[in-house]
Amino acid sequence: MSHPSPGAILKAVAKGRGGIHVAHNKITADCETVRMPPPRCVVLPMQQHIGAPCAPTVKKGDHVDVGQVVGDSDKYVSAPIHASVSGTVTAVADVKLANGRIAPAVTIESDGQMTLWEGLRPPKVTNRQELFAAIRASGLVGLGGAGFPSHVKLNTPPDKPIDTLIVNAAECEPYITVDYRECLENSWNIMGAVYTLAELLDLKNVVIAVEDNKPEAIRVLKAIADEDNDRGDIVKLMTLKSKYPQGAEKMMVLSATGRKVPAGGLPADVGCIVMNVASAAFVSRYLKTGKPLTSRSVTVSGDCIRRPMNVRVPIGTSIREIIDFCGGFTEEPYKILSGGPMMGQALVSIDVPLLKSNNAVLAFSRRGVGLKPQRDCIRCGRCHEACPMGLIPTQIVKYANKRDAEELARLGVSVCMECGSCAYSCPAGEPLVQHMRLAKEIMREAGVK
Amino acid sequence: MMNETAKLTVSASPHVKGPATVSGVMFDVIIALCPAAIAGIAVFGFRAALVMAVCVGSCVAFEYLSRKIMKKSVTVGDLSAVVTGLLLAFNLPVSIPLWMCVIGSFVAIVIVKQLFGGVGQNFANPAITARIVLLVSFASAMTHFPEPKSVDAIVSATPLATLSGFDLSGDLTGQIHLYQAADKLPSYFRMFLGVRQGCIGEVCAAALLIGAAYLLIRGVIKIAIPFSYIGTVAVFMLLASRFNLAFTAYQLMGGGLLLGAFFMATDYATSPVNLKGKIVFGIGCGLLTSVIRLYGSLPEGVSYSILLMNIACPLIEKATAPAYFGFVKKKKEKKAKEQAKEGAGA
Ligand code: SF4
Ligand code: SF4
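Heads up: the sequence lines are chains W and Z, in that order. In short: position in the first sequence from 1, add 2, done, that's this note's numbering. In short: position in the second sequence from 1, add 9, done, that's this note's numbering.
Mixed in with the good hints there might be a few duds.
What the hints assert, rightly or not - Rough simulated footprint, nothing fancy, chain W against chain Z, three-plus residues with beta-carbon under 8 angstroms:
| id | segment |
| --- | --- |
| 1 | 27-37 |
| 2 | 110-123 |
| 3 | 322-336 |
Stated by the list, open to error - Derived CB-CB ranges, DEER-like:
| id | chain 1 | residue 1 | chain 2 | residue 2 | range |
| --- | --- | --- | --- | --- | --- |
| 4 | Z | L225 | W | S367 | 51 to 61 angstroms |
| 5 | W | N403 | Z | I39 | 29 to 39 angstroms |
| 6 | W | D96 | Z | L225 | 54 to 64 angstroms |
| 7 | Z | F336 | W | K206 | 50 to 60 angstroms |
| 8 | Z | K80 | W | G260 | 35 to 45 angstroms |
| 9 | Z | S146 | W | K404 | 29 to 39 angstroms |
| 10 | W | N403 | Z | K80 | 12 to 22 angstroms |
| 11 | W | K404 | Z | V337 | 48 to 58 angstroms |
| 12 | W | R412 | Z | R56 | 49 to 59 angstroms |
| 13 | Z | V300 | W | S367 | 54 to 64 angstroms |
| 14 | W | S367 | Z | K81 | 24 to 34 angstroms |
| 15 | Z | K193 | W | N403 | 47 to 57 angstroms |
Derived by calculation from the structure, the hints in this document are not laboratory data. None of these values were measured; they are calculated from a predicted model. Ideal Cβ positions, reconstructed from N, Cα and C, are used throughout, including at glycine.
Start from the sequences, fold in the hints, and give me the full structure.
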């Protein structure tokens, strides 16, 4: 008899409450990732992660090769920045970022060669500490959009032992398909990372979570998991009923382990780490090649893009160039987003560089975004039903307008992850996420926790 | 293609919105009220339609005028005034003088709704408050319930008024049969179809249930309030009548219970948004209704119960606040801390 079914598929229903059904619009799902030719120049902002900003380590006129460090920090919660093209540093100066902030950046004019830096070597990794050091050196930050330095996330304090790694391939945001493509195109890397991490971090459980609307990804991953029987049962594939925001960390932990992350806590508080699938695949590639994070895949889509597709782009490429590569616009866009339609950010301009954490560039016409007249709240309670965190947005709005920090604390605003489910469901078209941010701001000002 | 000066729109996420709109929700309520409206006209004749038209018309007009006068955006398009007008008409006897309808609409829209800031802001249900104001001011017109299809015919008592004359400790089944035989109490079938005395919209249980099913399927209302409301009344009546099913059936179908439980107690603005709150709210309505009906001086208590619970709604919401994700109870937290301390001490 064959083994009882290692790598058996774990079926998880969307645990917990709330959530919404959004049109998936994954039109680029079947587009194989296309590598973009080297751009004319790249702009590498010195802060592409949560944590301490980097300081430039090169100066104007220097020649750099792909993978060479151009910015680093001596702080632990930070990730170095590497040249993503080979060429000459033409400026080390402040630039405007997608979020409107100004940050110092290194601009490199490409020589079109994409010469790899000769100093690149696969890291030697035999234990935890070496692993964290290697991941820090690779410049990896959460590729799913959060942008938190990965080595910090993996390096949990000793009083919080980790037993479960969750590889997040849910990709519940509409339109985005980079993680899905990663599953299909780099499944071996994903599994490689899973085994390495499981061994070095001494994990008992690894759960790869995919939404059940991606049968192809499930098939591919399962095939590989099945092939590797001798690893026992530590790796499980979990299919999730597709529902937004199924891919949110806390939701993921609940679905995979049944554990609830306490308010104000992190998955590590309940023994879990959640890692984006593209990040995991990168770890595996890096350990093999030593080539740091200098490019990433992005979904370019939306109803204004002539040729929606997935592109592999050097970090720091201007978003305008990426859009041009995809055939430009079919009509004048009304809104351009970096990230998904639910949590992404509306861009003021497309002349901004692509950051490590940007997983999509979406351009919509006026028709593409659901506009509806904004009316007064009718207290219908739909926002409360939709909220995966069990908050009551309509009441939060009420107390935010009164600037009542005590009441806001009682209502638990701080657990809001700004997923947008509430605003999506609101028939009155209230900009609820904006109100949630305001409410958090009020609490911060009042110093209430 | 994009010229350099093109302005991109920047706003907070999410950048897609669901299909629900306020007018869509209100339209669903109107659709759900249609069966009962048709039944009302079928039972009481054309004048029922007239009463509805006057109520809806004056509600919309008052809404328009009061928004204009207060210099606020005109919100007639959200259809909420139409719903209020229909519900008000449903709560009036068919013989009501039309000018009273206009006064009722004024109370509902101007005083209860707009003076408190418009839709979603009122603390009490506009239609119910208007009905109570009319009831207190024009008691005889409001309790004059003509027999079906004969506006000026002899007036006898509504089923509930008849029931309230019964001796609860006596032989209820016997009394009910006696009255049914004497045609002073409609048969169950007539009760279900609505061929009985009462307010325009409350009489036809069948039509109300069809409308309620529509609202539930469309997700406009949740079952929590009607279920706990009607359930509480049912249990109370069963106990009070020593498990007399006939008596309980009349109580459930009689008066405005179904209309109130499905269409008025579920009013968004004046009922709790959270599940636990909804259940408490429904049970409260049920208890008050039963007590008023059996032990109060009035035969019917749906309106008063809902109004009272409306007023208590903010309190209920506070007391039943749901635990948000990862919420840690203060007590537990303390315990955990103490344990940690003990552990450290030992
Ligand atoms: S969904 Fe919108 S209209 Fe309904 S209660 Fe929430 S904020 Fe108000
Ligand atoms: S944005 Fe915040 S309040 Fe709204 S649904 Fe998401 S977690 Fe809940």
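Stated coverage of the segment 27-37 of chain Z by chain W [criterion: 3+ residues, CB within 8 angstroms]: Since 7 is at least three, the answer is holds.
Consistency of beta-carbon spacing, I39 of chain Z to N403 of chain W, with hint 29 to 39 angstroms: About 31 angstroms separates the Cβ atoms of N403 of chain W and I39 of chain Z, which means 29 to 39 angstroms holds.
C-beta pair K193 of chain Z, N403 of chain W: status relative to the range 47 to 57 angstroms that was hinted: This hint holds: roughly 56 angstroms between Cβ atoms.
Outcome of range test on Cβ distance (R412 of chain W, R56 of chain Z; 49 to 59 angstroms): 52 angstroms, holds
Pairwise beta carbon distance, V300 of chain Z to S367 of chain W, judged against the given window 54 to 64 angstroms: The hint (54 to 64 angstroms, Cβ to Cβ) holds, given that V300 of chain Z and S367 of chain W are roughly 59 angstroms apart.
Range hint compliance [Cβ, N403 of chain W to K80 of chain Z, 12 to 22 angstroms]: 20 angstroms, holds
Cβ contact check, 8 angstroms cutoff: the segment 322-336 of chain Z against chain W, three residues minimum: Contact hint for the segment 322-336 of chain Z vs chain W: holds, 8 residues under 8 angstroms.
K206 of chain W and F336 of chain Z - C-beta distance against the hinted 50 to 60 angstroms: Given range 50 to 60 angstroms: violated, Cβ gap about 28 angstroms.
CB-CB spacing for K81 of chain Z and S367 of chain W relative to the 24 to 34 angstroms hint: Given about 32 angstroms between the Cβ atoms, the range holds.
Pairwise beta carbon distance, K80 of chain Z to G260 of chain W, judged against the given window 35 to 45 angstroms: Given a distance of about 55 angstroms, which is not inside 35 to 45 angstroms, the answer is violated.
Distance restraint evaluation - D96 of chain W, L225 of chain Z, Cβ atoms, bounds 54 to 64 angstroms: This hint holds: roughly 58 angstroms between Cβ atoms.
Hint check for V337 of chain Z and K404 of chain W - Cβ pair distance inside 48 to 58 angstroms: 26 angstroms, violated
Checked against the numbered hints given earlier, this structure breaks hints 2, 4, 7, 8, 11; the rest are met.
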